Amino acid sequence: MEITVTINESDHAGDVEPRTLLVDHIRRTVGLTGTHIGCDTTSCGACTVLMDGRPVKSCTVLAAQADGAEVTTVEGLKTADGLHPIQSAFTDDHGLQCGFCTPGMMLVGASLIAENPDPSDDEVRWAISGNLCRCTGYMNIVKAIRTAAARTAAAASESNGS
Amino acid sequence: MSAPTTPAEIGGIGHSVQRKEDARLIEGQGNFLDDIELPNTLHMAILRSPLAHARINGIDSSAASALEGVVAVVTGELMDQHGLAWMPTLSGDTQAVLATDKVRYQGQEVAAVIATDPYIATDALELIEVDYEDLPPVTTPQQSLGEGAALIRDEKEGQTDNLAYTWETGDRGATEAAFAQADRVVTLETHYPRSHPAPLETCGILADVNSVTGQATIYMTSQAPHAHRTLFAMVAGLPEQNIRIVSPDIGGGFGNKVPIYPGYVVATAASLLIGQPVKWVESRTENLISTGFARDYYMKGELAVTDEGRILGLRVNMLSDQGAFYSDAQPSQFKAGLFHVVTGSYDFGAAHIDCKGAFTNKAPGGVAYRCSFRITEASYLIERLVQNAAYEVGIDPAEMRLRNFIQPEQFPYETATGFVYDSGDYPTALRTALDEAGYEDLRREQAEARAEGRLIGIGIAHFTEAVGAGPSRTYDIAGLKMIDSAELRVHPTGKAILKLGVKTQGQGHETTFAQIVAEELGIPATDVKVEHGDTDHTPYGLGTYASRSTPVGGAATAVVSRKLADKAKKIAAHLLEAADEDIELDSGVFSVVGSPDRSVTIQDVALAAYTNLPEGMEYGLEDVTYYDPPNLTYPYGSYIVVVEVDPDTGVWEVQRMVALDDCGVRINPMIVEGQICGGLTEGFAMSAMQWITFDDDGNCIGANFMDYLVPTAWETPRFELLATEVPSPHHPIGAKGVGESATVGSPAAFVNAVIDAVAHLGVRNIDMPVLPDRVWAAIDAAS
Amino acid sequence: MFPSRFDLIVAETISDAVQAKADAGEGGRFLAGGQSLIPMMKMRVAFPEKLIDINRISGMDAIERSNGHLHVGALVRHADVAASDAAFGAIVAAAPWVADPLVRNRGTMCGSVAHCDPEGDWNSVLLATGADVVARGPGGERPIPIGEFVDGAFTSSLAEDELVVGLRIPVPAGRSGGAYLKLERKIGDYATVAVASHLELDDSGAIAAAGLAMTSVNPINTKVVDAEALMVGQQPSAELFAEAAELAAAAAEPRDDVRGTAAWKRQVVRTYTKRGLAAAAQQAEGS
Ligand SMILES: Cc1cc2nc3c(=O)[nH]c(=O)nc-3n(C[C@H](O)[C@H](O)[C@H](O)COP(=O)(O)OP(=O)(O)OC[C@H]3O[C@@H](n4cnc5c(N)ncnc54)[C@H](O)[C@@H]3O)c2cc1C
Ligand code: FES
Ligand code: FES
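So the sequence lines, in the order shown, correspond to chains A, B and C.
So this note's numbering is basically just the index in the first sequence, starting at one, shifted up by 138.
So this note's numbering is basically just the index in the second sequence, starting at one, shifted up by 58.
So this note's numbering is basically just the index in the third sequence, starting at one, shifted up by 116.
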């Protein structure tokens, strides 16, 4: 069936089988391989994308269900202004090791910050509890998300103040 | 911690330099196996046995072959025609590639479909009909070695029972004598359950064999690309110069990506036969049910102790569940890996270890999951035993350890099983951790809580690891000596490229190894590009596992840098018109002793290496080193865990986790701490929830992430990290390796903490994982 | 892991959806959040021939109170329930513990109810609060009391051609409180044991209405009717709740499995019933 998905602000029209999973559509048809696959049971969150602003597991959404939706993948985090604060915070705080969970973690982190400018340690841990990481033990992921939140808030108050 | 000797711009040892690998990974530009697409790639899916033990009477793949989009169906029969139905394992056994005679575990590879699309390949699997004849499954090693068990390896010549191996080490006589002297013997029987490394990225291969040129380019998730190239050459009979293994970005390994799996062999054979690239990426279920399990040791440990709490001797009987094939990835002289490090951190004269391994109808593997070959099991056993001994003797578990530690002045220390520990200061480590935890206060709180009916437990583990395999006189895998290498080339503009035999899976080699060069030569770490994983472009090495990258590959990097420094000094002397021996090098500046203003930089020297040389010197500034370590390194640490147990349900929660690690010199403290946090989490996971078990029919329970429980950020404790730094005396930069310490050391700390909460009731053992029902049952039985 | 082939029908209206389901017969299945169905299709334990996607039907995504009821539309996601001010008591308590944050962004409360997984959380909450499932078929709409709706493990009394369009949960008029205590092994795990409690108090502080239901300890989510009856008319007390807990434990017939022994699960039922009722009472007293 014909679908059009807006991925990272550009429209991707194409013909998909109804059974095509969104993650496969993004990776194999559209060719954005930053979205990963880590499980068969909707457990790991390596496939996380933002769909109409909300983080979802793209291995458990049909591509056809995303027809007309706005999807953001890790490749869409960076803007003309440069890296998203979550990206630089992940580097600064060593929030990634192998990097396989990282796109999902960053997208969840970015959406959390958008809703909650000052999340506590527990709030961050709760928000990322649908995403597994096997390398980091989460400590630095939590730290990085909180750093990104603090920097975002500081930047916002600076631009308000000026 | 010792302060860095180089300035931050250079970023040598001791600087928390930001990771170079991050730039691509945070933008989704990593290049993982499944991200690689070649023109005309075909996709493979594997049909696996639903049964644990059954004879195969026939396979009908005609309907599958007829499905549109299916290019080929490969069975054992076809593989057999090419002599590839079986392959050697890393432990000298053979393993079925595709089953021909019978299936020996649930999940075993039976056939493979090659199709134009992975969805179609999966559809075709459902169309293959296999005629199985049930055989009785053998699901425990005890059953396996008992009377009347079905023979699992009936194809193996001379094999009349299910015994996989026997191994013993230590001194039986001396140990008997020590036990005869003991006031008491403390016994612990416990099971270290089957676990799985489960890196977030599963295993996979993209085999591209050109049938005209014979060139085989094999992209695979490999922790040991060079060893894999050689093994591929040996197994498949391909000429080694035509095999190029490319291990791209790897989404975690933890030992899972060390062995060669049947899927790799089938995909490569299929690519050769069909003449197109063939890709196979495991599903998570395949990963968990068929590749690389770890642990599964039944252990009985006995400790001979005096009434003063002195340990005199240790006796261990061990039975391992090997699954259907003996395929432990470990040095070939060591049937139970380095399990004999089980004497731990303690000074006593006698130990004896008796090991047996049994075949069962379960997946093979026996990989070193974030562990230097069975050290996790060993460390767990001794730390549990020592804690129990303290209860029996009636002294504090911390004091028990302090009374028996190997003392700092005893290093190098030869253990009762023959390891020579390089360095350490155990009492300082434990005392520092106890102070940080506020141990005395914790004990007081524990007593107060108990009076209120609350259960608080404080668990200690002080582990010693043996990593960095290993010296060539003792360590080889499949005959290949466990050396490793580094090749360093400094370009005329002073920028360098470092090529390694080891391979990162997230540990940050591209950063850490550049820092070693920065330390030695003063070239800024950012100017050193690190290449690894492509066998055509890197020197030989056995790869990254068992925490061996820093001890072996890191040493090679330091040594090759020093070779270059020697040559560079000669060039500097020439440029400065001074004598060679008057030149000193500090943070990239070569100066004349006594007149520091007469100096040139490493960048000047690099240019001169290609433009302006002393008489008779060869051009260039590059070299290669193959490092054969003189000994293993012995990192250690002291971990303290505080838990509260809900007496009504057995549910326990970690309140605190204090972890002190001494891994010698820390090259990049930030990365080291990251490794430790990851390792502690694995240790927690195994203690609390993460295991693979089987029902009586041999069905795997733990076959996906709904059943194989990997903790999320919510369950994972917060860690308080501490460090001491006793360098390794024999390592060129004093580093010991750290990737696995925390996984090795922490399970005993978590379990000891729960036991400690209920020890006053008389509880001495709860097997891992310490599930709440087990805790509750233990309390119930005790009270 | 990929689903087998199917036809996808994207329904724009409720009647389209109902009609499509009627036309599809046995091979047809509604697709809501897909957080149970798609994983089952990927595992190939479900292979519908026709999937009828209801996500584009407008007007089913509200969660709101009216006429003494909380109405939850078929497209209200678990996350919407968790974020809603209209929800109360055991519903508020349960919402954060269903699945994980990402699954909650897609999965629907009604889909979960319709799925009738005995390890699912919502049906216990609905049993405790006395809710109705609102079904729409070709012949119109009918409310089905939750006790009649749940027919067995993974089976409901919904007709082939009926769609769940919403839930109707009575909002207590007086003081009330609720709890949902769930023992799960980790986030994203189904309950090993969970207990939903719901208490309404009269002016004297006595229990005017009581709801108690359990997850994962029987072949279906189970309402502990005798414990509810025991509590009505009594003053809340630790002794009363302990007695109720014994009745709950007796009504639970859990199995030994990898999550734990039956004896232990019964003990958890006992403990969580006591604690849950105490929490519900405390909330009611404070309301
Ligand atoms: C990792 C993970 C963990 C989970 N953990 C939990 C948990 O802890 N507790 C829990 O309760 N659930 C859990 N779930 C399941 C989750 O809550 C699902 O969202 C829910 O069970 C189904 O809702 P859905 O909207 O996704 O339904 P779908 O998956 O779309 O459908 C499920 C079934 O219900 C039918 N159906 C759906 N909507 C309707 C309707 N309106 N009318 C008639 N039939 C309908 C479908 O045809 C299908 O048969 C988990 C799921 C995942 C993936
Ligand atoms: S791949 Fe989607 S949740 Fe694991
Ligand atoms: S960084 Fe490797 S899985 Fe998270």
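Hint data in this document are derived by calculation from the structure and do not stem from the laboratory.
Predicted model, so just to flag it, every value in this text is computed and none were measured.
Hints should not be assumed to be uniformly reliable.
[To be verified] Listed next, the in silico DSS-like pairs over lysine-lysine satisfying Cα-Cα at most 25 Å (straight line): (1) B:621 - A:216; (2) B:587 - B:625; (3) B:78 - A:281; (4) B:553 - B:78; (5) B:539 - B:627; (6) B:587 - B:621.
Q) Going back to the hint list, which numbers does this structure go against? A) 1, 5
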